[in-house]
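S.K.: Build the complex from these two chains, which are given one at a time in their own frames, with help from the hints.
The chain contents come next:
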Amino acid sequence: MNVTVEIQRRNGEPAKPEWVCPSCRQGARAGEVRDNLMVCPHCGHHLRIGARERIRQLADEGTFRELWTMVTTLDPLEFTDLESYPERVREAKAKTGLPEAIVTGAASIDGTPCVLAVMDFGFMGGSMGSVVGEKLWRSAELAAGDDLPLVAVCSSGGARMQEGILSLMQMAKTSCAVDLINEATSPFVAVLADPCTGGVIASFATLADVCISEPGALLSFSGPRVIAETTRETLPEGFGSAERNLALGHLDAVVARKDLREKVGNYLRLLGGGEEPDRGERPETRAGRPGRLAQATLERARTLAAHARRSFVRGDREDPGEAEGPSAGEPAP
Amino acid sequence: MARRKERPRTRDYIHFLIDGFEELKGDRLRADDPAIVGGLGWFRGRAVLVVGHQKGRTLDEQTVHNFGMARPEGYRKAQRLFRLAERHGLPVLTFVDTPGAYPGVAAEEGGQARAIAESMLSMARLTVPVIATIIGEGGSGGALALAVADQVLMLENATYSVITPEGCAAILWRDSSFAPQAAEALRPTASQLRELGAVERVVPEPRLGAHHNPEAAAERLGEALEETLAELDATPALERRRQRRERFRRLGRWSDPEQPPGAMSLFGGYSTTLE
Numbered sequence: 243m244n245v246t247v248e249i250q251r252r253n254g255e256p257a258k259p260e261w262v263c264p265s266c267r268q269g270a271r272a273g274e275v276r277d278n279l280m281v282c283p284h285c286g287h288h289l290r291i292g293a294r295e296r297i298r299q300l301a302d303e304g305t306f307r308e309l310w311t312m313v314t315t316l317d318p319l320e321f322t323d324l325e326s327y328p329e330r331v332r333e334a335k336a337k338t339g340l341p342e343a344i345v346t347g348a349a350s351i352d353g354t355p356c357v358l359a360v361m362d363f364g365f366m367g368g369s370m371g372s373v374v375g376e377k378l379w380r381s382a383e384l385a386a387g388d389d390l391p392l393v394a395v396c397s398s399g400g401a402r403m404q405e406g407i408l409s410l411m412q413m414a415k416t417s418c419a420v421d422l423i424n425e426a427t428s429p430f431v432a433v434l435a436d437p438c439t440g441g442v443i444a445s446f447a448t449l450a451d452v453c454i455s456e457p458g459a460l461l462s463f464s465g466p467r468v469i470a471e472t473t474r475e476t477l478p479e480g481f482g483s484a485e486r487n488l489a490l491g492h493l494d495a496v497v498a499r500k501d502l503r504e505k506v507g508n509y510l511r512l513l514g515g516g517e518e519p520d521r522g523e524r525p526e527t528r529a530g531r532p533g534r535l536a537q538a539t540l541e542r543a544r545t546l547a548a549h550a551r552r553s554f555v556r557g558d559r560e561d562p563g564e565a566e567g568p569s570a571g572e573p574a575p
Numbered sequence: 002m003a004r005r006k007e008r009p010r011t012r013d014y015i016h017f018l019i020d021g022f023e024e025l026k027g028d029r030l031r032a033d034d035p036a037i038v039g040g041l042g043w044f045r046g047r048a049v050l051v052v053g054h055q056k057g058r059t060l061d062e063q064t065v066h067n068f069g070m071a072r073p074e075g076y077r078k079a080q081r082l083f084r085l086a087e088r089h090g091l092p093v094l095t096f097v098d099t100p101g102a103y104p105g106v107a108a109e110e111g112g113q114a115r116a117i118a119e120s121m122l123s124m125a126r127l128t129v130p131v132i133a134t135i136i137g138e139g140g141s142g143g144a145l146a147l148a149v150a151d152q153v154l155m156l157e158n159a160t161y162s163v164i165t166p167e168g169c170a171a172i173l174w175r176d177s178s179f180a181p182q183a184a185e186a187l188r189p190t191a192s193q194l195r196e197l198g199a200v201e202r203v204v205p206e207p208r209l210g211a212h213h214n215p216e217a218a219a220e221r222l223g224e225a226l227e228e229t230l231a232e233l234d235a236t237p238a239l240e241r242r243r244q245r246r247e248r249f250r251r252l253g254r255w256s257d258p259e260q261p262p263g264a265m266s267l268f269g270g271y272s273t274t275l276e
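Top line first, the protein sequences correspond to chains A and B.
Terminal number for the first sequence in the numbering used here: 575, no gaps in between.
Terminal number for the second sequence in the numbering used here: 276, no gaps in between.
Okay, chain B solo, but in the shape it has when bound (with noise of 0.2 Å):
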């Protein structure tokens, strides 16, 4: 249902949630990539940033928007609006929307990995209150590229995976047709993900999926949005960015008889206190 060519994209979701969008081009090094776009715009009231895949809906759309799959100028288009909205003490919010970043050789030799990860540590930096929302497809380093969050919300039948299931079955299984077991595996659905700890709150979608009615599904998500940012805004700015840095080093699980679980059982192994 993530990848259903009528979901909602991020678009629709600025056109929903976002009064007066201004959107702003381009990376300032060389090009505009429309698989993400971004821009300034009112959401109930407070001026915020929005960052956002775009995948587009008829194949015009989609070809130009490239499915949603960013070259290298789409994350620094993503940095510059970021270090914006920091100077200018701006929210951010991110929309994921995306199979991942876009394998092509001119994307590689511009910098792909390079753009991904500063992507990420531009993110990891800032201030200012950052949610991010997967929407539909959340693919691998290219989704995450946008979503290192204060908090990530997601939406009820989104999926945010590590690979696709067709990738991970052509690897382990070495037969792509094992897809279904695949995705068994890797328990990308959102309720699977908060009990991992990925994903903080889960927005529950109108009867169907939200493509049955995008203007609810924008309703609901405008609801948690303003929950979250009301939240957030209760933290004092530095003392979120440690807590945001926090949040990911306490992802992953794992075992040490050396620091044995304390303060963080939720996360198995981790402890804040060292032997």
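Pulled out of the complex, with its shape left as it was, chain A reads as follows (with noise of 0.2 Å):
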């Protein structure tokens, strides 16, 4: 997957000539594959995204506001293998330029205002440490807390090793959080991108009340490696792929990028219940309940979500009506 990287690194600069599809390895320009979402324009093989990238498809334009920055990762069991941990999330950071593998915020998608949590594989691995699981928490309290939806976009390779126990117990705590959301009702909807694997997919990821994937994406606990290794089985064709896991149960829908926006907007929106919007005019959120959250929790919370709502009053977005699907209204980054 060094392509992808490499082609988000290099934008605003111009776009290489060449670039090659690892999957039907035929040749495109790669501004063509960026403004095609990440997607080869020739095979439709998804490449794996970052998550400002991903945050830019999926949330309407402008309305993302970044909340929970500055939670950084200690190191609490001093933990060296080759190298020393705090060396390992350093050069994350400067890889990814993000703060964590996980970038939570305020955003409207598709219309509806949410609280938008999106993981990113490229750091260690999109592993769920101390930060990543109180960052999830602290987007479930507050899709809770007033009565918003949460979308989780989910992409990891499992546990944050370097964190010991307290990692696993992210699992715990993120199955918590999904409690919370249960009993304030607030919807929660789960788009597990590739690959999501081990302790996500095992917890919060497939708690929510729809989970959708993309297209060839990899989702199982344990790896295809893992399980070929351990159990000397074969893997059947197509094993752990997001098609087959529709097949088999465990996925709501395999949903191409393009229509990622509008389907998930869907999803909210029924999920919101009450009457069919008018297509002119996208329904506000109800009205905040107080659920058993301290209310400063709440306060906060609604001044959180009140700035999220004032962007899209203000008109940041583009008209609903116009916007059809993000392909269309999808600016070049």
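The set of hints was computed from the structure by calculation and includes no laboratory data.
Since we're looking at a predicted model, the values are computed, not measured.
Label-pair distances were calculated between CB atoms; the ranges are:
no. : chain 1 : residue 1 : chain 2 : residue 2 : range
1   : A       : Gly-339   : B       : Pro-237   : 41 to 49 Å
2   : B       : Asp-234   : A       : Gly-491   : 37 to 45 Å
3   : A       : Pro-328   : B       : Glu-247   : 26 to 34 Å
Computed list of chain A residues with no C-beta within reach of chain B, every gap over 10 Å:
no. : residue
4   : Pro-264
5   : Arg-271
6   : Glu-274
7   : Asp-389
All residues carry an ideal CB built from backbone N, CA and C; glycine is no exception.
M.R.: Written as structure tokens, this is what we have:
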């Protein structure tokens, strides 16, 4: 997947003349691939994308407000393998430009305000440590507290081994966060992006009200290599692919990237309940209901949600009547 | 020592601690998974639900129980039993002893990931008291699926870890012969886990380990379980559930200058007060 990284790094510079699809081996201009949402224009192979690119594609333009950027990783075990943990984190930050393997904030998706949490596989394999768990928790708390839906894009190799047992505990922590959302009846939609494995797929990712994925994504608890090595079983054709997961009943849909925003938007509107919204006018969120959260949290949640709402009332967003699917209104980054 | 096959297993603790055990089987969907045993019984005169991984000791037993590596049907059986306990107000005692969830094709395709996730969520939702005990090997998500509890106890020589030392070494050192270094770095022992807040109470084992005197080991665990249960009884049901959720919320260490350490300074950057 070096290709992805290279193209992202070259954002803004003149496109490389040649790009070769890792799947079909056909060439294309990098700009062409980028305009096609990082999907091969020939075979439709979905490349892995980073959190920033995902947010650009999924959130309505200009509506994303990032939250909790200051939550930073510590080294509770003073863990050192071939490199020290802080060193690995520093490298990951430099490589991705992200504070951690998850980016969280308030946004609107196809007109519906929501809390958006997006994982980045490029940051230490999207591994879930204390910071990922905490930011996911805060996202859930905000969603539950202000009756906003939560949308999570999950892409991860599993637990952050360098945090030992504390990384395992994030599985329980994020599952408890889902309990919080469910109790508040806030909708929760998960997009399982390539690859989604280990502790993330075995916790909050698959506990969503609606679970969808993209074509060709790898979704499994144990990786194919581990399974082959441990059990010496032969893996069936397409093992762990999104398509096979769909056939086996583990997913609600496999959605092409160009349709993702509209699809998620539809789920959010439907899960929001009530009457079908007028096409010309997107629904407001339901009035905030006090849950069992501390008053301070509620107030904080309202401020943040108001922030997200303001930006879309102000009209930073395109008129929903015109924005028909993300490919149409997607500006080149 | 946690992996020694002479160590007492879940069934041994049931034998010593639970009177009139009635095993309940099956996930009510398709199968019964012998890697997880569960049932009803009397613990010190009180009706409880017991669920635990069962490893077996002889090779035949180990094969039957799949070395304690549960499949989705095992976790679904556990969930079915948790619901039963909730309905009838029975405290839940779990015993954790597994190298991890079974990584087979059929298990994967039968929904292993979701089965584990759902098991954690259903434990988080219980309003009855829940106590988990790590009795031997607490391996990764497969162990945690039975350990989302109000309090987690751990036998002195048990281990509880996100990954096996071998697996960790293979990934981070790119050579599984570095397992001893990985084991050192992961800090999976009971006292280390208590420092990190993942475990509330370490239960001492008889001299030379639980397998030298299983009955005495069970007796000590029984005392600890009884005390913990009495503690949990003192909290109203919904409050207990809220506190369980808070317990897991606090787990982890991070820093956040926007939310300076407050009441929960024990756990690093966590604070109940928001800016």
